[in-house]
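Engineer: Residues per chain are reported as follows:
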Amino acid sequence: MLTDRLSRDLYAEICRIPLIDPHSHINPHAAAAKSLDDILGYHYYTELAHSAGMDQGPLGKDVPSRERVRAILGHLDRLDNTAQYSWFLEIAQTFLGFKKGRVGADDCDALCDMADRLMSQPDWEEQVLRRSNVEKIFLTNDFDDPLDGFDTKRYVPCLRTDDLVFHLDKPAARERLAKATGIDVGNADQLQDALGKLFQHFTQHGAKACAISLPPDFAPAAVTHFDLTLALGELVAGNDSVKDACANGVFWMLAEHCREFKLPFDLMIGVNRRVYRNGVYQGQDLFDQRTSLIQYAELFNAFPEVTFPISVLTSAQNQELVSYSWIFPNVVTSGHWWYSNIPAYITHDARARLQAVPKTKQLGYYSDAYKLEFILPKYNMYRRILAEILADDFVRPGAYSETQAIALARLLLRENTKRIFGV
Amino acid sequence: MLTDRLSRDLYAEICRIPLIDPHSHINPHAAAAKSLDDILGYHYYTELAHSAGMDQGPLGKDVPSRERVRAILGHLDRLDNTAQYSWFLEIAQTFLGFKKGRVGADDCDALCDMADRLMSQPDWEEQVLRRSNVEKIFLTNDFDDPLDGFDTKRYVPCLRTDDLVFHLDKPAARERLAKATGIDVGNADQLQDALGKLFQHFTQHGAKACAISLPPDFAPAAVTHFDLTLALGELVAGNDSVKDACANGVFWMLAEHCREFKLPFDLMIGVNRRVYRNGVYQGQDLFDQRTSLIQYAELFNAFPEVTFPISVLTSAQNQELVSYSWIFPNVVTSGHWWYSNIPAYITHDARARLQAVPKTKQLGYYSDAYKLEFILPKYNMYRRILAEILADDFVRPGAYSETQAIALARLLLRENTKRIFGV
Amino acid sequence: MLTDRLSRDLYAEICRIPLIDPHSHINPHAAAAKSLDDILGYHYYTELAHSAGMDQGPLGKDVPSRERVRAILGHLDRLDNTAQYSWFLEIAQTFLGFKKGRVGADDCDALCDMADRLMSQPDWEEQVLRRSNVEKIFLTNDFDDPLDGFDTKRYVPCLRTDDLVFHLDKPAARERLAKATGIDVGNADQLQDALGKLFQHFTQHGAKACAISLPPDFAPAAVTHFDLTLALGELVAGNDSVKDACANGVFWMLAEHCREFKLPFDLMIGVNRRVYRNGVYQGQDLFDQRTSLIQYAELFNAFPEVTFPISVLTSAQNQELVSYSWIFPNVVTSGHWWYSNIPAYITHDARARLQAVPKTKQLGYYSDAYKLEFILPKYNMYRRILAEILADDFVRPGAYSETQAIALARLLLRENTKRIFGV
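Protein chains in written order, with this note's numbering: chain W, 5 to 427; chain A, 5 to 427; chain E, 5 to 427.
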């Protein structure tokens with residue numbers, strides 16, 4: 005697909021680097037897809053098909069999965085210009101033996117049949133991993149995940165903390181916390197103990213990161229033990245006005261635990277939830293560009309021992325990220341997230357990072373995948389762009405040899421992840 | 005002008021697509037220029053010449069038009085690097101038989117003479133339209149425009165509503181409204197009736213869109229009938245403090261009428277008026293980058309039946325637009341507006357849209373022209389960029405054939421406009 | 005280093021243009037480096053080495069300079085991807101006879117020895133200036149700088165005013181002002197007199213600009229003489245709450261003096277100081293992208309006679325700058341500042357300026373250098389980018405001949421600076 009020889013050569017070499025994928029939503033108990041519905045049910049397709057005119061009927065629970073697939077395939081001709089479409093086509097070609105250059109509703113039955121046949125093989129998961137050249141994949145685990153029944157060397161647990169920070173006002177979240185830790189949290193001491201138990205459980209089960217996604221107006225600040233106890237008491241009593249204080253207090257205490265348990269704290273900054281309220285599942289969130297990493301300056305100052313891999317949603321905030329990771333030793337760049345994960349923005353953002361951030365402080369990419377099959381096309385998109393940047397900005401101008409360029413790619417795709425997360 | 009063969013071929017094919025220009029300021033009673041003064045009087049030239057050092061003397065009413073032209077031409081050598089200069093040069097070369105590669109004060113008399121001669125031909129308008137390959141052009145009509153005396157199939161009326169939303173505090177605006185509708189608006193019911201009359205008048209005369217330009221801090225919200233009546237009463241009584249409430253109420257009611265009358269509502273977001281207070285006519289407005297489409301989330305949620313073609317002023321907000329139109333079915337991308345309408349920004353913005361927004365949801369370009377002669381050079385600028393993006397991102401990597409690329413261009417330049425506006 | 009023939013040819017021609025560098029931090033009494041420590045002590049290296057893992061031990065006062073150099077060199081392999089590394093390598097190759105393509109800790113002694121030997125030559129400063137083809141360099145002078153003992157035709161004084169605007173609450177700053185002017189400032193009249201003395205002193209010593217760096221939330225507004233007197237009285241009495249009023253009043257009065265003394269007022273917009281509080285010296289400042297030039301609209305309106313060369317920190321604000329300098333006659337674009345001074349952002353920002361701002365209103369670049377040796381590699385970085393833009397956007401599409409492209413470069417690198425600052 006790359007038209008330039010040098011980029012193609014670099015790309016081929018880069019593809020040989022065994023991946024460590026530092027962020028995904030893979031379910032380790034069902035890592036690979038079992039049908040085409042598992043692939044096209046990914047929110048990128050349901051939301052784009054809906055945005056392009058598909059009503060939500062086919063997404064209903066009771067709709068036979070093949071009819072849902074047919075409906076989504078039937079809308080792909082309205083969005084075959086998108087990067088997301090190209091991922092699906094590459095999955096069909098690579099994993100399902102699809103030979104054509106375009107895919108649509110007419111291919112529904114043949115593709116579904118092929119998917120059913122191939123994906124039911126007992127070693128399908130292994131086949132996909134091998135073909136994708138991926139060695140380890142980080143997960144996104146609920147705080148009350150038992151973390152058993154899977155190989156945590158391959159599927160690396162990661163403590164996801166959105167529910168703790170933003171949903172502790174909900175009795176269900178507090179009950180889950182009580183069940184997971186044996187502690188009914190009503191004050192700061194109890195929270196401290198409960199988080200300690202969670203971190204112990206997670207690190208004992210091989211967790212290598214703590215993670216959270218944050219709204220654009222979040223600006224973490226320390227909350228005293230005393231104030232947090234007051235706020236938690238009010239929260240439990242149903243007083244919504246203390247939500248922000250609790251969120252700040254819990255967040256800050258999580259950072260303290262990251263320090264104590266030596267876990268990097270992945271911050272995914274900028275998303276507002278449920279902006280399009282009638283959107284499809286997972287297709288409702290959007291952002292507000294008016295956010296700044298200055299909101300995190302106190303956090304970065306207060307926790308020099310904690311590494312913060314930062315994901316952002318816009319190129320404008322990426323320019324901040326480039327500068328903040330150039331200055332703060334504990335800030336590192338992390339992947340190309342969600343709405344930024346298209347070639348036009350990846351190219352711009354990755355190029356700036358490569359020109360101004362120490363190469364040891366960059367986590368090049370993560371898949372964010374829900375099913376293993378997406379790792380390959382998403383990483384290929386990134387690897388093509390990386391190959392072009394290395395060719396244009398490093399090798400051709402004489403700054404790097406090809407060998408050095410590949411070594412840089414190895415840092416971005418593997419070595420930095422190993423060192424920063426300790427895997 | 006394109007150096008690459010594939011881009012040139014694509015460009016040539018793209019130029020064959022008959023245009024439907026979805027936004028202009030053409031006066032259908034004097035659509036083509038009558039003299040060079042009509043061309044160089046365009047604010048892009050007066051403001052750039054002024055910015056580059058020309059005082060406003062030559063722009064006075066009493067200055068002979070040829071002297072004004074000579075003054076502006078005399079400053080072009082200070083701005084011959086700009087995209088705007090290149091539009092003028094292309095107009096001179098295409099429409100006035102100008103042979104040289106540069107244009108300046110020395111060319112004043114020859115060019116003016118030629119313009120006078122050619123533009124006085126009775127079929128000049130037809131000549132320009134034919135050469136520009138444009139089939140329909142949307143207008144920007146004041147709410148009290150009688151809309152008669154021109155071919156509304158060619159010049160499609162569009163109800164411009166800035167005066168209704170932002171200037172109803174001025175007696176002159178209310179008088180115009182009273183005159184146009186027979187209703188003296190002092191409460192919400194009367195406003196409802198008056199807007200109903202305007203929409204009826206416009207749709208009966210072939211209007212296909214409602215449009216408005218909005219300041220960066222505008223954040224529309226529903227206003228109850230009761231509150232709007234109170235606010236309008238105060239406004240009529242001269243109380244300025246209710247201006248925002250009235251603006252919100254009128255705006256929301258316009259959206260309701262767009263729903264009822266099935267008109268898309270063009271939102272042109274981000275401009276502050278009269279920032280440079282002593283600037284030339286139409287050369288006083290600038291923007292504040294600190295604005296977000298999140299301000300419109302409630303509107304997009306409340307009116308799923310209304311299509312909102314959105315224009316933005318910055319690449320940063322374009323990244324929001326890409327994401328919002330990828331998620332919201334009723335949000336579509338619209339053109340490259342004003343300060344964003346230069347190649348560096350068009351390229352970046354169009355590329356991102358083409359990679360992430362369903363192709364059926366993009367209005368590729370509009371001329372924003374005041375005189376027909378500008379349609380050709382502005383569209384050519386866009387078509388060259390589009391040809392290069394299609395070559396680099398679609399055809400060369402093997403994602404699209406040339407035929408498919410041209411079909412995509414046809415959507416952007418014609419078919420989407422036809423479908424979305426129903427022309 | 006440029007792979008394309010036309011760009012290379014343009015670059016070679018551009019390099020022949022004698023530079024006038026409109027902003028630096030050169031100390032005219034010690035303009036050139038005296039050792040490698042003077043080069044690697046530049047905050048770009050200390051902060052990047054620290055960010056990449058170097059503790060601050062080697063930066064201590066008592067550490068022998070060669071050990072400091074060795075420590076920094078020892079961390080360069082973690083940041084040899086950066087533009088900043090490439091500047092250093094080019095300095096070593098151009099000025100120190102370094103032959104290798106990479107530089108690290110092993111080269112410490114040889115490089116230090118060579119630097120000691122070469123930089124101790126009595127004509128080293130002249131050699132560097134000649135090789136760098138630079139004719140004049142603007143300085144950054146404290147308001148109480150005596151400005152004597154150097155050639156102000158070569159090293160052009162510039163009145164830096166941050167201390168006056170933002171630190172007049174500190175007794176030390178007021179004492180310096182009293183000592184420099186003989187006036188103990190406690191009210192607006194005294195401030196007026198004191199500033200008058202400073203401007204007289206500076207302009208009599210050949211100063212050609214007034215300059216200041218400003219935080220992202222600064223929004224200048226006029227303060228009446230009466231209110232400023234009140235505020236200054238409070239400030240001197242130790243009341244911190246009037247700091248903003250004083251900052252506004254002093255700033256506005258500086259603009260008035262720029263008008264009176266016909267000095268351009270360089271505004272460097274967007275930096276927050278001491279964001280990373282434990283960062284290395286000069287490596288603590290970062291920005292908040294949420295800032296707008298609209299904050300300066302009143303200033304630009306109020307002082308049409310004053311030219312404001314504007315530096316910004318982000319590409320998003322550069323888009324504002326492009327538009328504001330396209331509209332306001334007294335706003336000109338100035339260089340590529342600090343965190344924006346890397347190729348990815350320079351390319352994007354310079355391209356937009358070249359397409360939309362009159363060419364006579366652009367100050368292409370400044371070195372921001374602390375030592376003369378940095379002028380060459382920094383300008384070379386810019387000149388390569390400029391050559392590529394001229395080749396791609398002007399010469400190859402046929403808009404400019406090569407001669408015209410070089411003439412444009414001459415404006416950006418020399419003629420505009422001469423005309424705008426009157427040197």
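The reader is advised that the hints may include incorrect statements.
Which bits of chain E does chain A cover? Going by a derived footprint, with three or more residues having C-beta under 8 Å, they are [what the hints assert, rightly or not]:
{"no.": "1", "stretch": "231 to 242"}
{"no.": "2", "stretch": "321 to 327"}
Among the chain W residues that face chain E by a calculated CB cut under 10 Å, a handful are [stated by the list, open to error]:
{"no.": "3", "residue": "G153"}
{"no.": "4", "residue": "A225"}
{"no.": "5", "residue": "A226"}
{"no.": "6", "residue": "L297"}
{"no.": "7", "residue": "E309"}
{"no.": "8", "residue": "Q321"}
{"no.": "9", "residue": "I331"}
Pair ranges (Cβ atoms, derived) [what the hints assert, rightly or not]:
{"no.": "10", "chain 1": "W", "residue 1": "P401", "chain 2": "A", "residue 2": "D396", "range": "13 to 23 Å"}
{"no.": "11", "chain 1": "E", "residue 1": "N282", "chain 2": "W", "residue 2": "K183", "range": "54 to 64 Å"}
{"no.": "12", "chain 1": "E", "residue 1": "D117", "chain 2": "W", "residue 2": "P401", "range": "28 to 38 Å"}
{"no.": "13", "chain 1": "W", "residue 1": "D81", "chain 2": "A", "residue 2": "K103", "range": "21 to 31 Å"}
{"no.": "14", "chain 1": "E", "residue 1": "R278", "chain 2": "A", "residue 2": "A223", "range": "31 to 41 Å"}
{"no.": "15", "chain 1": "W", "residue 1": "E264", "chain 2": "A", "residue 2": "P308", "range": "46 to 56 Å"}
{"no.": "16", "chain 1": "A", "residue 1": "F154", "chain 2": "E", "residue 2": "R263", "range": "44 to 54 Å"}
Since the hints were derived computationally from the structure, they do not count as laboratory data. Beta carbons are placed, not taken as given, at the ideal position from N, Cα and C, and that holds for glycine.
Engineer: If a hint holds in the structure, say so; if it doesn't, say that too.
Structural biologist: Status of each hint after checking the structure:
{"no.": "1", "hint": "231 to 242", "verdict": "violated (count 0)"}
{"no.": "2", "hint": "321 to 327", "verdict": "holds (count 5)"}
{"no.": "3", "hint": "G153", "verdict": "violated (38 Å)"}
{"no.": "4", "hint": "A225", "verdict": "violated (15 Å)"}
{"no.": "5", "hint": "A226", "verdict": "violated (15 Å)"}
{"no.": "6", "hint": "L297", "verdict": "holds (8 Å)"}
{"no.": "7", "hint": "E309", "verdict": "violated (12 Å)"}
{"no.": "8", "hint": "Q321", "verdict": "holds (7 Å)"}
{"no.": "9", "hint": "I331", "verdict": "holds (5 Å)"}
{"no.": "10", "hint": "W:P401 <-> A:D396: 13 to 23 Å", "verdict": "holds (21 Å)"}
{"no.": "11", "hint": "E:N282 <-> W:K183: 54 to 64 Å", "verdict": "violated (41 Å)"}
{"no.": "12", "hint": "E:D117 <-> W:P401: 28 to 38 Å", "verdict": "holds (30 Å)"}
{"no.": "13", "hint": "W:D81 <-> A:K103: 21 to 31 Å", "verdict": "violated (47 Å)"}
{"no.": "14", "hint": "E:R278 <-> A:A223: 31 to 41 Å", "verdict": "holds (34 Å)"}
{"no.": "15", "hint": "W:E264 <-> A:P308: 46 to 56 Å", "verdict": "holds (49 Å)"}
{"no.": "16", "hint": "A:F154 <-> E:R263: 44 to 54 Å", "verdict": "holds (51 Å)"}
Consistency note: the structure conflicts with the earlier hints numbered 1, 3, 4, 5, 7, 11 and 13.
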